[in-house]
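Chemist: Which chain is which? The protein sequence lines are A and B, in order.
This note's numbering puts the first residue of the first sequence at 1, with every later residue one more than the last.
This note's numbering puts the first residue of the second sequence at 1001, with every later residue one more than the last.
It cannot be assumed that every hint is accurate.
Claimed, not checked - The calculated label-pair distances, taken between Cβ atoms and stated as ranges, are:
no., chain 1, residue 1, chain 2, residue 2, range
1, A, THR251, B, VAL1096, 53 to 63 Å
2, B, LEU1061, A, GLY249, 51 to 61 Å
3, B, VAL1082, A, THR133, 46 to 56 Å
4, A, VAL492, B, GLY1145, 43 to 53 Å
Unchecked claim - Residues from chain B that face chain A, not an exhaustive set, calculated with beta carbons under 7 Å:
no., residue
5, MET1036
6, THR1041
7, LEU1042
8, ALA1052
9, MET1060
10, PHE1062
11, LEU1088
12, VAL1101
13, GLY1102
14, GLY1119
15, ILE1135
It should be emphasised that the hints constitute simulated quantities derived from the structure, not laboratory data.
All residues carry an ideal CB built from backbone N, CA and C; glycine is no exception.
One letter stands for each residue in the lines below.
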Amino acid sequence: MNTDALYEALSLVFTFKTIMWLVIGVALGVGLGAIPGLTASTGIALVLPLSFMLDITGSLGLLIGLYKGAVFGGSISAISFATPGSPDSAATVFDGYRMTKEGKGRKAILMALYSSVTGDAASDIVVILVAPTIALLALQFGPTERLWLMVLAIALLGALSGRHLAKGLFSAAIGLFLGTIGADPVSSVARNTFGQDWLRDGIHLVPLVIGVFAMSQMLEQGLELLRRTRAVREATMKLGDLFGRNTEGLTFREYLSAWREMGIGIGVGTFVGILPGLGATVAAFLSFGIAKQLFPKKRIGEGSIYGIAAAEAGNNATVGPTLVPLLAFGIPGSATAALIGAALMLQGITPSPRMFQMYPEVIYALFIILILGNFFNLAIGRMFAFFYARLGQLPGEILVPTIMVMSVIGAYAARSDPYDVLMMLGLAFMGFGMRKVGMPEAPLIITFLIAPLLEQNLRRALLITRGEWSDALFGSPVAIGLAGAAALLLVVTMRANIGGRLSRVGRQQDEPTGG
Amino acid sequence: MTDFRRSNRFVGLVLLIGACLLFAYIWLSPWAHREMRDGFTLGFFPLIGAGAMVLCAAVMLFDPLRREVPDGLAGAEWSDAVLALAMLAGIAAYAVAMQAVGFLEATPIFTILYMLWMGFRPVRSAVLLGVLIPIGTFALFTILGVSLPLGPLSSLL
């Protein structure tokens, strides 16, 4: 262990500014998570321009805090009104809302909080142990192996991020195409600009991210408001009555009694989090389903704290591990990891296995922030969860125009370039169309980020092999293995429809509000 | 819209036409065939991107999910796209106005109009919130050091 770097990281993290941004991130994240329709990706997209103005630890504190808070925050509205703040918390509705109707809303929210923090903290420890080892392995890779690793990641993303392989891969292809607009990464000659001078620098990340993740979602919600097709769930019960001090809380013994379910959540969430493309929703439903099958006597799904423990530990346990492919290989495994990777790049640090050698203090700082974020999540969740439950009732008619304004500011403020705003709006329409046809956005953003690396590695491999394509592509057993794995994955996914089966995990459950 | 026009096959067909046009546009562009020092042509990777789009869209026409209607298109109407474009046009107009006259001058008009358009009532509350939200946002971003376009009202704060 590099103790100097560790001390430097500690001195970077334990400053007023970094802690403040971490607290703001968690507080903002829990709030965004609690508001139905806003996800961690939307939140990170909106604060990404702000993160430029912070130093590296402040930026990481804000983004990681927001991510952790948002994944827990989704459970608040799932438990309070049977409307999950994000799909990640949909599995929590089954038990959480039933408990609320039985007058045990306070107990349900506390179980969600404690299991979220437990799952998150345990998986963070796994990340700290695993990521450096994998990075050491990745350092042995040459350009050929890195190229195939990226292809494998794209194949995984396409295969697992939605139920339709062709749409997932189409989204990845859009990202690859958009990533080639602007200067060629090797010779810096402008290309693919459609004759527009303002495209010579390429598509800037901020308008892309805000357009695809934030503004497109607001367009969709705005349309729902205009059409009034959305079933307005009026909270018929007063939240004060549900979560009052006199209502039943959670005892330490009850929390400990859910250790098996939390263990399932931690195991499943960590594994799912490391794999590119799956994400917290799948982890939550898988953990919930496994716990339900293994412990039928616990009546999971019928208003039990054990179902909440499994689902919430499962979704929060993906938060840290989703950063493993980013840190170990420089390949983001999820949209949120891509956004955190983008924030690092905007700070001048390219995520890659070399980061462990070149910027050990940043890696240590990130690990400390990951662990520290859990304490703030616990404290803020414990103190303000019931306030956030009220936030979930904020009318969309106020929220949508406000976030539209924030999106315009975000796109404009990054470079004060009006073209960025226009580009953001154009990309928002594309994102809106993608949502309508059921095309996942995550492969687009991830491939957009790795497109230049993909090109650089292929060209470097060809340079090394003096133009021999077969040697450049299949010059080592690892490269052949990775290429074979990517091809096999695509064939198996196509034949077995794995993405479809995984996305049906959630759909096959009973109607959550039905009883 | 008929079921065919909502199906994955129709989506694939539209995407295929668009991707083919994009591929052809790049192929016919002179820059695409310009060779770099390492032997690569400038258009190699853009063509891979467009080519992958063509391939995936073609697969959508024939794969097992071709007859399925995506959830988002089940109740969709063409007017949804028109409304979304109208919303975007309004936001673009707001962005232009914000730059021309200042954030504090343009934003309240935008927020009030959009809140009312989305159905927020009563009007008095929309006006009050529509003024307070931009002031709060302006104060927040000013504290954070983000420079927003300034107009005559900015000096009052």
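Chemist: For each hint, tell me whether it holds in the structure or not.
Modeler: How the hints compare with the structure:
1. Range check, THR251(A) to VAL1096(B): Cβ separation about 59 Å, and the 53 to 63 Å hint holds.
2. The hinted window of 51 to 61 Å between LEU1061(B) and GLY249(A) holds, with their beta carbons roughly 57 Å apart.
3. VAL1082(B) and THR133(A) have their C-beta atoms about 54 Å apart, which keeps the hinted 46 to 56 Å range intact.
4. A C-beta distance of roughly 51 Å is found between VAL492(A) and GLY1145(B), which places it inside the suggested range of 43 to 53 Å.
5. At a threshold of 7 Å, the smallest CB-CB gap from MET1036(B) to chain A is about 5 Å, leaving the interface hint in force.
6. Residue-level restraint check for THR1041(B) is violated (minimum Cβ-Cβ distance to chain A is 10 Å; threshold 7 Å).
7. Checking LEU1042(B) against chain A: minimum C-beta separation of about 4 Å stays under 7 Å; hint holds.
8. Contact between ALA1052(B) and chain A, as hinted, is supported at the beta carbon level, the nearest pair being about 4 Å apart and thus within 7 Å.
9. Here the hint on MET1060(B) is kept, as its CB sits about 5 Å from the closest CB of chain A, short of 7 Å.
10. Interface hint at PHE1062(B): violated, since its Cβ lies 10 Å from the closest Cβ of chain A, which is beyond the 7 Å cut-off.
11. For LEU1088(B), the suggested interface contact is upheld, since its CB lies about 5 Å from the closest CB of chain A, less than 7 Å.
12. About 14 Å separates the beta-carbon of VAL1101(B) from the nearest beta-carbon of chain A, more than 7 Å, and the hint is not met.
13. Using the Cβ-Cβ criterion of 7 Å, the hint placing GLY1102(B) at the interface with chain A is not satisfied: the shortest such distance is roughly 13 Å.
14. A distance limit of 7 Å between C-beta atoms decides the matter here; for GLY1119(B) the minimum to chain A is near 6 Å, and the interface restraint holds.
15. Against a cut-off of 7 Å between C-beta atoms, the interface hint on ILE1135(B) is violated, since the closest Cβ of chain A lies about 12 Å away.
Figure legend: structure checked against the earlier numbered hints; hints not met, in rising order: 6, 10, 12, 13 and 15.
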